[in-house]
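Participant: Input sequences plus hints: build the corresponding full structure.
Residue numbers for the sequence shown follow UniProt numbering, beginning at 1 and rising by one.
Read the hints as simulated data drawn from the structure, not as lab findings.
Where a beta carbon is used, it is the ideal one built from N, C-alpha and C, also for glycine.
Treat the hints loosely; a few may be bogus.
Pairwise CB distance ranges, derived in the manner of DEER restraints [as the list claims (entries may be wrong)]: (1) 32 to 3: 30 to 36 angstroms; (2) 30 to 8: 29 to 35 angstroms; (3) 6 to 43: 43 to 49 angstroms; (4) 34 to 11: 29 to 35 angstroms; (5) 7 to 42: 42 to 48 angstroms.
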Amino acid sequence: MPSNKYLYTYFVMRCVLGIKMHLLHRLVIDKLCLKLMILKSQTLK
Numbered sequence: 001m002p003s004n005k006y007l008y009t010y011f012v013m014r015c016v017l018g019i020k021m022h023l024l025h026r027l028v029i030d031k032l033c034l035k036l037m038i039l040k041s042q043t044l045k
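Facilitator: As structure tokens, this is what we get:
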């Protein structure tokens with residue numbers, strides 16, 4: 001089935017990109033968390 005083959009290639013590409021971009025994604029998520037923490041601290045003041 002072409003749909004299963006498409007899903008398989010999608011998951012393979014996602015895994016490869018995930019391994020390569022893991023550190024970058026962690027940095028982006030950490031920056032977003034820091035921004036949320038700063039916003040929360042400002043609203044609490």
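Participant: Evaluate each hint against the coordinates.
Facilitator: Each hint, compared with the structure:
Remark: the range hint 30 to 36 angstroms for residue 32 to residue 3 is upheld by a beta-carbon distance near 34 angstroms. In this structure, residue 30 and residue 8 meet the distance hint of 29 to 35 angstroms, their C-beta atoms being roughly 32 angstroms apart. Between residue 6 and residue 43 the CB atoms are about 45 angstroms apart, so this pair conforms to the stated range of 43 to 49 angstroms. Remark: the range hint 29 to 35 angstroms for residue 34 to residue 11 is upheld by a beta-carbon distance near 31 angstroms.
Remark: the range hint 42 to 48 angstroms for residue 7 to residue 42 is upheld by a beta-carbon distance near 44 angstroms.
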